[in-house]
Amino acid sequence: MTGFLENFSLGFQIAFTGANLFYCFIGVFIGTLVGVLPGIGPAGAISLLLPVTFGINPVSAIIMLAGIYYGAQYGGSTTSILVNIPGESSTVVTCLDGYQMSLQGRAGPALGIAAFGSFIAGTVGIIILMFLAEPLSGVAIKFGPPEYFSLMILALTILTYLAHGSMIKAIVMAFLGVSLSQIGMDIVTGQTRFTFGIMELEDGIGLIPIVMGLFGIAEVLTNLEESGDLEIFKAKIKGLLPNLRDWLDSIGAIIRGTFLGFFLGILPGGGAIISSFVSYAVEKKFSKHPEKFGTGAIEGVAGPESANNSATSGAFIPLFALGIPSNAVMALLLGALMIHGLQPGPLLIKQRPDIFWGTIASMYIGNVMLLILNLPLIGLWVKLLKVPYRILFPLILFFCLIGAYSINNSTFDVLVMLIFGIIGYLFRKFQYEPAPLVLAFILGPMLENSLRQSLLISEGSLWIFFTRPISGVGLIIALLVLLSSIFLKKHRQIIAKMS
Amino acid sequence: MKKYDRVGGLIWTILGILLCIGSVQLRLGNFNKPGPGFIPFLSGAFLILFGLILTLVTFLKESGEEEKTRNEKIWVKENWKRIFYPLFALFGYILLLDHVGFLITTFLFLFFLFKLTVPKRWTMPLILSGGTVVLSYLIFSVWLKCQFPKGILNF
Numbered sequence: 096m097t098g099f100l101e102n103f104s105l106g107f108q109i110a111f112t113g114a115n116l117f118y119c120f121i122g123v124f125i126g127t128l129v130g131v132l133p134g135i136g137p138a139g140a141i142s143l144l145l146p147v148t149f150g151i152n153p154v155s156a157i158i159m160l161a162g163i164y165y166g167a168q169y170g171g172s173t174t175s176i177l178v179n180i181p182g183e184s185s186t187v188v189t190c191l192d193g194y195q196m197s198l199q200g201r202a203g204p205a206l207g208i209a210a211f212g213s214f215i216a217g218t219v220g221i222i223i224l225m226f227l228a229e230p231l232s233g234v235a236i237k238f239g240p241p242e243y244f245s246l247m248i249l250a251l252t253i254l255t256y257l258a259h260g261s262m263i264k265a266i267v268m269a270f271l272g273v274s275l276s277q278i279g280m281d282i283v284t285g286q287t288r289f290t291f292g293i294m295e296l297e298d299g300i301g302l303i304p305i306v307m308g309l310f311g312i313a314e315v316l317t318n319l320e321e322s323g324d325l326e327i328f329k330a331k332i333k334g335l336l337p338n339l340r341d342w343l344d345s346i347g348a349i350i351r352g353t354f355l356g357f358f359l360g361i362l363p364g365g366g367a368i369i370s371s372f373v374s375y376a377v378e379k380k381f382s383k384h385p386e387k388f389g390t391g392a393i394e395g396v397a398g399p400e401s402a403n404n405s406a407t408s409g410a411f412i413p414l415f416a417l418g419i420p421s422n423a424v425m426a427l428l429l430g431a432l433m434i435h436g437l438q439p440g441p442l443l444i445k446q447r448p449d450i451f452w453g454t455i456a457s458m459y460i461g462n463v464m465l466l467i468l469n470l471p472l473i474g475l476w477v478k479l480l481k482v483p484y485r486i487l488f489p490l491i492l493f494f495c496l497i498g499a500y501s502i503n504n505s506t507f508d509v510l511v512m513l514i515f516g517i518i519g520y521l522f523r524k525f526q527y528e529p530a531p532l533v534l535a536f537i538l539g540p541m542l543e544n545s546l547r548q549s550l551l552i553s554e555g556s557l558w559i560f561f562t563r564p565i566s567g568v569g570l571i572i573a574l575l576v577l578l579s580s581i582f583l584k585k586h587r588q589i590i591a592k593m594s
Numbered sequence: 202m203k204k205y206d207r208v209g210g211l212i213w214t215i216l217g218i219l220l221c222i223g224s225v226q227l228r229l230g231n232f233n234k235p236g237p238g239f240i241p242f243l244s245g246a247f248l249i250l251f252g253l254i255l256t257l258v259t260f261l262k263e264s265g266e267e268e269k270t271r272n273e274k275i276w277v278k279e280n281w282k283r284i285f286y287p288l289f290a291l292f293g294y295i296l297l298l299d300h301v302g303f304l305i306t307t308f309l310f311l312f313f314l315f316k317l318t319v320p321k322r323w324t325m326p327l328i329l330s331g332g333t334v335v336l337s338y339l340i341f342s343v344w345l346k347c348q349f350p351k352g353i354l355n356f
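Protein chains in written order, with the working numbering: chain A, 96 to 594; chain B, 202 to 356.
Hints were generated in silico from the structure; no laboratory data involved. Mixed in with the good hints there might be a few duds.
What the hints assert, rightly or not - Calculated lysine to aspartate or glutamate pairs in the DMTMM-like style (CA-CA distance at most 25 Å, straight line):
no. : chain 1 : residue 1 : chain 2 : residue 2
1   : B       : K316      : A       : E321
2   : B       : K351      : A       : E295
3   : B       : K234      : A       : E554
4   : B       : K282      : A       : E297
5   : B       : K321      : A       : E320
6   : B       : K204      : A       : E320
7   : B       : K234      : A       : D281
8   : B       : K234      : A       : D298
9   : A       : K524      : B       : D206
10  : B       : K321      : A       : D344
11  : B       : K203      : A       : E321
12  : B       : K204      : A       : E321
13  : B       : K234      : A       : E320
14  : A       : K379      : A       : D344
15  : B       : K282      : A       : D344
16  : B       : K346      : A       : E295
17  : B       : K203      : A       : E320
18  : B       : K351      : B       : D299
19  : A       : K237      : A       : D449
20  : B       : K346      : B       : D299
21  : B       : K316      : A       : E320
As the list claims (entries may be wrong) - Over 10 Å on every C-beta distance to chain A, these chain B residues come out as not near it, computed from the model:
no. : residue
22  : G209
23  : I215
24  : I218
25  : G223
26  : L229
27  : F260
28  : I284
29  : L288
30  : I305
31  : L311
32  : K321
33  : R322
34  : T324
35  : G331
36  : C347
The model shown is predicted, which means the values in this text are computed figures rather than measured ones. Beta carbons: idealized from backbone N, C-alpha and C, even for Gly.
Whenever a hint applies, use it, and build me the whole structure from the sequences.
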């Protein structure tokens, strides 16, 4: 316990330095900004800012990038409630009752309960993360290459299972991601693979241009093709503080959403989107008046908004405890850790307590900042919603260009980003989800190493993956998930429909 | 979507075949000592397998009225125009950046896109693009010390 308290206070000492407070604020501010704006998400924003963090120390970098992730969940609800367009995919469900409340002149309490629910869930989520990550990393130290291989296979399988729409397409995306990760120099033999004589490809394709292309450029192109400008919100927002009745209606939903969201957030691919939908379904089931859902029920806003925030804390568990990212944003954070010379994995918490505890402590502070940014300063974001998309999109494209260029000061990366932007646009059109590709791209080299090392240990026997208990259980679960997708097709269709 | 899935499945299959051929050339190794082509070969093989499944599944599905309308909606000529110009601008930016320099290329890129959205006015696109160039130069080049091509202006 003493060690825990020492680490906890170390975390706050780090987070409370002037520079880290500044980076935390920048992170949550940009997070709220991209959350409010429907055209760009946290993955795009993080990849955009990743090159900017090269010059700062790793703790500050992770504090800022993490802030973007959980900040986006706060901001996303504002757009959902006020203009009925989800700022983030995880706030789609908030539109259902949030916008109805807005139409009834209750936008204030809807925004208020979304912010308070997010704050409570975000804070509780961090507490659970704090208590779970360290013991889990202690267990993970005993993992060898076969265990890692199986866990990564499990992560990819669950991600493809939870993907929207066709699971076959999601699996294709995952294998495409693994294939792309093979481009460049083989670290064992030093032989170059699939570079076609292009020197820039010898170090492999960069993660940032791929993510910026697939999530940033592709999103802009899709938006340009599909829609005109956002509908401007004209009414004045008043009474942001929910009344006693609102609190009584919401508190159960907030508590349920918090725990549900956190544990669904740990699952690969589960994250904020699924948890918000599940929370809405649970609240409707628990409610004495399910017929009120969809007509402006405050618990329909409180539950999902709490769930998507605590899910973001849950998603940090596999990253910090195992070094395995559970979604595209976590994959980027993993990339950020590696760029800063850190080795993500179970030893990270022990070897670099400043990174883990500093980030945890900054998340408490970040949540307080977000509460202030999203309640008293809500007017600022409402004003932002009035900026037409035709003005915003050239700026988003420009920031993508700068971000991609500044990684290596090379136009080759910009070209890669543009190519993946066009590919990503086509993926969206033909209903292929890019998230499994990104995760597989990140996991590809790790997957290859652990497979090669396992086979070296076992002298070529594949049984090593089944005879070691954790690895065996991981692979069996992955197999069950695959089989269940065939037998529970209907269930998958429901998830797809909800998403 | 059925038609597109069929073509998509075939594309993945062909890509998988090419990947397998490339992997064999790299040297596959064996289970005792996997070579550099081992994992790419496995990825290629799975791409072939799932590409074929994707194609085959389309033959098993019955096409409904809904499918037909969806197919029609995928490509709308008018919508194409909206993304063609930004793509043109992006390609232009990549081509010009190293030769002409950051300041001029960025200004031209932004001005082109802003002008496209407000065709009748000149002052607003000029102010917006000029302002963004100056601000981004101060933030990225002066403050964050990012290195951008100087080009013909030499700064």
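Okay, the hints, checked on the actual structure:
| no. | hint | result |
| --- | --- | --- |
| 1 | K316/B <-> E321/A | 20 Å, holds |
| 2 | K351/B <-> E295/A | 22 Å, holds |
| 3 | K234/B <-> E554/A | 8 Å, holds |
| 4 | K282/B <-> E297/A | 36 Å, violated |
| 5 | K321/B <-> E320/A | 22 Å, holds |
| 6 | K204/B <-> E320/A | 22 Å, holds |
| 7 | K234/B <-> D281/A | 14 Å, holds |
| 8 | K234/B <-> D298/A | 23 Å, holds |
| 9 | K524/A <-> D206/B | 11 Å, holds |
| 10 | K321/B <-> D344/A | 52 Å, violated |
| 11 | K203/B <-> E321/A | 21 Å, holds |
| 12 | K204/B <-> E321/A | 22 Å, holds |
| 13 | K234/B <-> E320/A | 50 Å, violated |
| 14 | K379/A <-> D344/A | 12 Å, holds |
| 15 | K282/B <-> D344/A | 49 Å, violated |
| 16 | K346/B <-> E295/A | 23 Å, holds |
| 17 | K203/B <-> E320/A | 22 Å, holds |
| 18 | K351/B <-> D299/B | 8 Å, holds |
| 19 | K237/A <-> D449/A | 23 Å, holds |
| 20 | K346/B <-> D299/B | 18 Å, holds |
| 21 | K316/B <-> E320/A | 18 Å, holds |
| 22 | G209 | 6 Å, violated |
| 23 | I215 | 13 Å, holds |
| 24 | I218 | 12 Å, holds |
| 25 | G223 | 6 Å, violated |
| 26 | L229 | 12 Å, holds |
| 27 | F260 | 14 Å, holds |
| 28 | I284 | 5 Å, violated |
| 29 | L288 | 7 Å, violated |
| 30 | I305 | 14 Å, holds |
| 31 | L311 | 5 Å, violated |
| 32 | K321 | 13 Å, holds |
| 33 | R322 | 12 Å, holds |
| 34 | T324 | 14 Å, holds |
| 35 | G331 | 13 Å, holds |
| 36 | C347 | 5 Å, violated |
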